[in-house]
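Enquirer: Full structure from sequences and hints, please.
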Amino acid sequence: VLLGLKRHYKRRCQGRMRKHVGDLCLQAGMLQDSLVHYHMSVELLRSVNDFLWLGAALEGLCSASVIYHYPGGTGGKAGSRRLQGSSLPAEAANRHRPGAQEVLIDPGALTTNGINPDTSTEIGRAKNCLSPEDIIDKYKEAISYYSKYKNAGVIELEACVKAVRVLAIQKRSMEASEFLQNAVYINLRQLSEEEKIQRYSILSELYELIGFHRKSAFFKRVAAMQCVAPSIAEPGWRACYKLLLETLPGYSLSLDPKDFSKGTHRGWAAVQMRLLHELVYASRRMGNPALSVRHLCFLLQTMLDFLSDQEKKDVTQSLESYTSKCPGTMEPITLPDGLTLPPVPFTKLPIVRCVKLLSLPTSLRPQKMKSLLGQSVSTKSPFIYSPIIAHNRGEERSKKIDFQWVQGDVCEVQLMVYNPMPFELRVENMGLLTSGVEFESLPAALSLPAESGLYPVTLVGVPQTTGTITVNGYRTTVFGVFSDCLLDNLPGIKTSGSTVEVIPALPRLQISTSLPRSAHSLQPSSGDEISTNVSVQLYNGETQPLIITLENIGTEPLEKLEVTSKILTTKEKLFGDFLSWKLEETLAQFPLQPGKVATFTISIKAKLDFSCQENLLQDLSDDGSSVSGFPLSSPFRQVVRPRMESRPSNAPEGSKTGDLSHLKTLEAILNFKYSGGPGHAEGYYRSLSLGLHVEVEPSVFFTRVSTLPATSTRQCHLLLDVFNSTEHELTIGARNNEELTLHAGECQRMAIQVDKFNFESVPECPGEKGHFANPKQLEEERQEARGLEVNSRLDIRWRIPSLTRSGEASVEGVLSQLVLEHLQLAPLQWDVLVDGQPCDCEAAAGRRVGDPVSLEVRLTNRSPHSVAPFALTVLPFQDHQNGVHDRELQHTLSFVGSSTFYLDAVQPSGQASCLGALLFLYTGDFFLHIRFHEDSKSKELPPSWFCLPSVHVRALEAA
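For what it's worth, the UniProt record's numbering labels the leading residue of the sequence shown as 1, then goes sequentially.
Please keep in mind that the hints were generated in silico from the structure rather than gathered at the bench. It cannot be assumed that every hint is accurate.
Claimed, not checked - No farther apart than 20 angstroms at their CA atoms in a straight line, the calculated lysine to aspartate or glutamate pairs in the EDC-like style are these:
1. Lys150 with Glu195
2. Lys312 with Asp337
3. Lys605 with Asp795
4. Lys162 with Asp23
5. Lys148 with Glu195
6. Lys162 with Glu234
7. Lys215 with Glu234
8. Lys171 with Asp137
9. Lys605 with Glu789
To be verified - Restraint ranges, calculated between C-beta atoms of paired labels, are given here:
10. Asp256 with Arg517: 15 to 25 angstroms
11. Glu559 with Pro327: 46 to 56 angstroms
12. Gly576 with Tyr418: 55 to 65 angstroms
13. Gly576 with Glu529: 55 to 65 angstroms
14. Leu339 with Tyr149: 43 to 53 angstroms
15. Gln190 with Asp134: 45 to 55 angstroms
16. Tyr149 with Arg274: 31 to 41 angstroms
17. Thr362 with Thr731: 38 to 48 angstroms
18. Leu339 with Thr362: 13 to 23 angstroms
19. Asp256 with Thr362: 44 to 54 angstroms
20. Lys313 with Pro230: 54 to 64 angstroms
21. His8 with Lys150: 55 to 65 angstroms
Model, not experiment: these values are computed from the prediction. Ideal Cβ positions, reconstructed from N, Cα and C, are used throughout, including at glycine.
Expert: Take a look at the structure:
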């Protein structure tokens, strides 16, 4: 037994000595010798079960083999550093041990990471060297032996670390994680706090080395928490904060909010929120409130979608508490170690879905004066079209808007915002961020209800200079944090463009009228907006003055003003000028300085058709009075009475018989184009529209128009049957005629003696229009022109004394072609002169019996053609006033010469006459009838052309 114990002891001593010699050889650089000694030590110690030293020998064997395989070392990245004289150990071994095996590693056979791609050759050349797989197995065996001893925890941990580094070089991460997991559970007794921090830091580095980033971040966070353990008298909050910052990449966190605005969220949000809360707490314990605010803003901005309603309230309360002492800013925060924390704008408080630059109101929108070349032609290129220019314009249009803003005017940008918070969100100092032009942003404050839908918010500002302005974003103050939110950083935002041109300042015109505002809003087909609508009610034919006050409420002088009118499409026939004005006196006051006022008057004349409506004709004819037949006995007087049986049962109470009081509507737009100041010099102007709504109530109707011949061939009687359709007594009269009084609903006839008209003939081809206008249209225009001339001569006016209102009554639309022909002078004008005095009336020409009386017939040709010769015969007769005409006057009077007159052909605008004489033998009243001889020439002309005046001669006794 003693001999066995002695042998056992001897082997243990030899094995330990061999291990010690191997350590010395390894330190001396004799790798091959150390390998031999380690192998012999392992065999000796394994036989005596000396497990502690056996594990050490196995670890030494692994270390020497690692040096052979990885001469670059395992401390850093594989292949990142190489030991100088890496072949020195083999050479030194050969030099000190002449009989030792020659082991040389060819540097060219190694790859960049220090691992020979074919390790079998190395093993063959160094048979005592372990293969890479055997190295790990021996490490496992050594660690298992260390684990048998409670006090060997440190060397067991060291062996694990070495094995992990080797596995990292071999890129065997899973096996390395097993070693690290074992290292975590090694019990190291009575470690100091610094040693614990170092242990967890090393574990974190090793996990980072094998690519386990989240595991690495976990142990680094444990190390950070160990820095502020309750057992430490003076917690290291700065070290804790620094270690926490280093854990951010492992949890897919960065301190730049831009990384969270693109794509889906990465990482575990719950873990990330926990880490951010720890950063906030650590920075607060460090005494840096600005840092706490920045991290809390980052938490609220990036993790908003993952916070519960209660967490949102808690975080915002904490943020308000912090910002009450240190407001949040947009300045970057630089840490002592050089790390910079970028600003965190609140782009989600509120969330902006759409940004739209608004054009100025229609009344303030600038317009460019049309040039000869047009707006689409570029002056920078001589070519009409270039694909390069077109491509560049397409890119510019995507951001530039096709309207302009004006310097000094309030401009608007509309945002569609959404409040994602479960409580009311108050946003203060919300304004615009712009570039390119000096811009005064007018801040706004708004309060959004909890979880509101899309809510429109309008931000305003005033550009102070001209140029191209770009709206880059907006600024807000929420929970005490100032944020500058750029549109480029907002995900999913819709915008129609962010760049607009600012033109020079223009004046601002405000108009007011003497008429009340209208409830009717005009809708022009052109799409123009009407800034103001006024209305007035007039009787047909009435004229109303509209006084317009112009006030310059801008800062630039008003230099130019142009007023135009446009009548909207109406079914009613309009006669004369509906709107008329004179601007000379108003323009004499220009330039109109800011704050000054000018006025001018527009005349509104509502003159529609005065012809009778069909329903009125029906009412009158049903009452037994004909208004369309032959002339009635004068004076004609008829009162239209309501016919109750003809009224519909469902007719409104206010409706009148025959709907005589039906209102007709006229609508027009007055457009004021004005300019001034620097904008006028650049060719810009503004347009202001005034809508005019006129309700026209019927005044009088002409139910029938006819003519009667007068005593003179150059005159005739125009008979008008006038109906008063108003509810008031009305008087009507023509020029140089007595007024006629009409009661409400009464119809009377008025006769007006008028001189016949010499209508100027309309040219057959009136310019260029004549080639395209049809004959019917030309005839209508010719008839309208004649009606206008007749109406201007008559000057018929009505008056309602009880309302002190008056107007004119036009016959333009009621004159038929037949009536116009009766009112027109015949193209052949015939004059009969007795003793040189014209006879064209009923007054008798007194002559003495026995004295010769000269008779002259004169013809003036006003037609465009020459007329053929005519023969006329004078037929005298006496009217006995009983219907009997005595034509047998051979013994009563005698012709001096022939009783037949002859006229030669008369050229256009020419004149011809024929002479004769009469001798009265007895006293009395004699009438001379001049008759034309019928021939082929006279039949070609209308009978109305041969209208001669009657001649009345009274023969008196001789003196």
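Enquirer: Run every hint past the structure and note whether it holds.
Expert: Here's how the hints hold up against the structure:
Straight-line distance between C-alpha atoms of Lys150 and Glu195 comes to about 19 angstroms, which keeps the hinted pair within the 20 angstroms bound. The hinted pair formed by Lys312 and Asp337 fails the criterion: a straight-line CA distance of about 32 angstroms is larger than 20 angstroms. The straight-line distance between the Cα atoms of Lys605 and Asp795 is roughly 15 angstroms, inside the 20 angstroms bound, and the hint therefore holds. With a C-alpha separation of about 16 angstroms, the suggested pairing of Lys162 with Asp23 holds against the 20 angstroms cut-off.
Using a Cα cut-off of 20 angstroms, the hinted pair Lys148 and Glu195 is violated, with the two alpha carbons roughly 23 angstroms apart. About 34 angstroms separates the Cα atoms of Lys162 and Glu234, which puts this hinted pair outside 20 angstroms; it is violated. Taking the CA atoms of Lys215 and Glu234, the gap is about 28 angstroms. The hint is violated against a cut of 20 angstroms. For a cut-off of 20 angstroms, the pair hint linking Lys171 to Asp137 stands: about 16 angstroms separates their Cα positions.
The hinted pair formed by Lys605 and Glu789 meets the criterion: a straight-line CA distance of about 18 angstroms does not exceed 20 angstroms. Checked against the hint of 15 to 25 angstroms, the pair Asp256 and Arg517 fails, with Cβ atoms roughly 57 angstroms apart. Checked against the given bound of 46 to 56 angstroms, the beta carbons of Glu559 and Pro327, roughly 49 angstroms apart, stay inside it. In this structure the hint that Gly576 and Tyr418 lie 55 to 65 angstroms apart at CB holds, the actual value being about 59 angstroms.
Checking the proposed 55 to 65 angstroms range against Gly576 and Glu529 shows it is violated: the Cβ atoms sit about 29 angstroms from each other. Between Leu339 and Tyr149 the CB atoms are about 45 angstroms apart, so this pair conforms to the stated range of 43 to 53 angstroms. In this structure the hint that Gln190 and Asp134 lie 45 to 55 angstroms apart at CB is violated, the actual value being about 36 angstroms. Range check, Tyr149 to Arg274: about 39 angstroms between beta-carbon atoms, so the 31 to 41 angstroms window is met.
The given range of 38 to 48 angstroms is respected by Thr362 and Thr731, whose C-beta atoms sit roughly 46 angstroms from each other. The supplied range of 13 to 23 angstroms is broken by Leu339 and Thr362, whose beta-carbon atoms lie about 55 angstroms from each other. In this structure, Asp256 and Thr362 meet the distance hint of 44 to 54 angstroms, their C-beta atoms being roughly 45 angstroms apart. As the Cβ distance of Lys313 to Pro230 is approximately 30 angstroms, the hint placing it in 54 to 64 angstroms is violated.
Checked against the given bound of 55 to 65 angstroms, the beta carbons of His8 and Lys150, roughly 24 angstroms apart, lie outside it.
In this structure, the hints that do not hold are numbers 2, 5, 6, 7, 10, 13, 15, 18, 20 and 21, in rising order.
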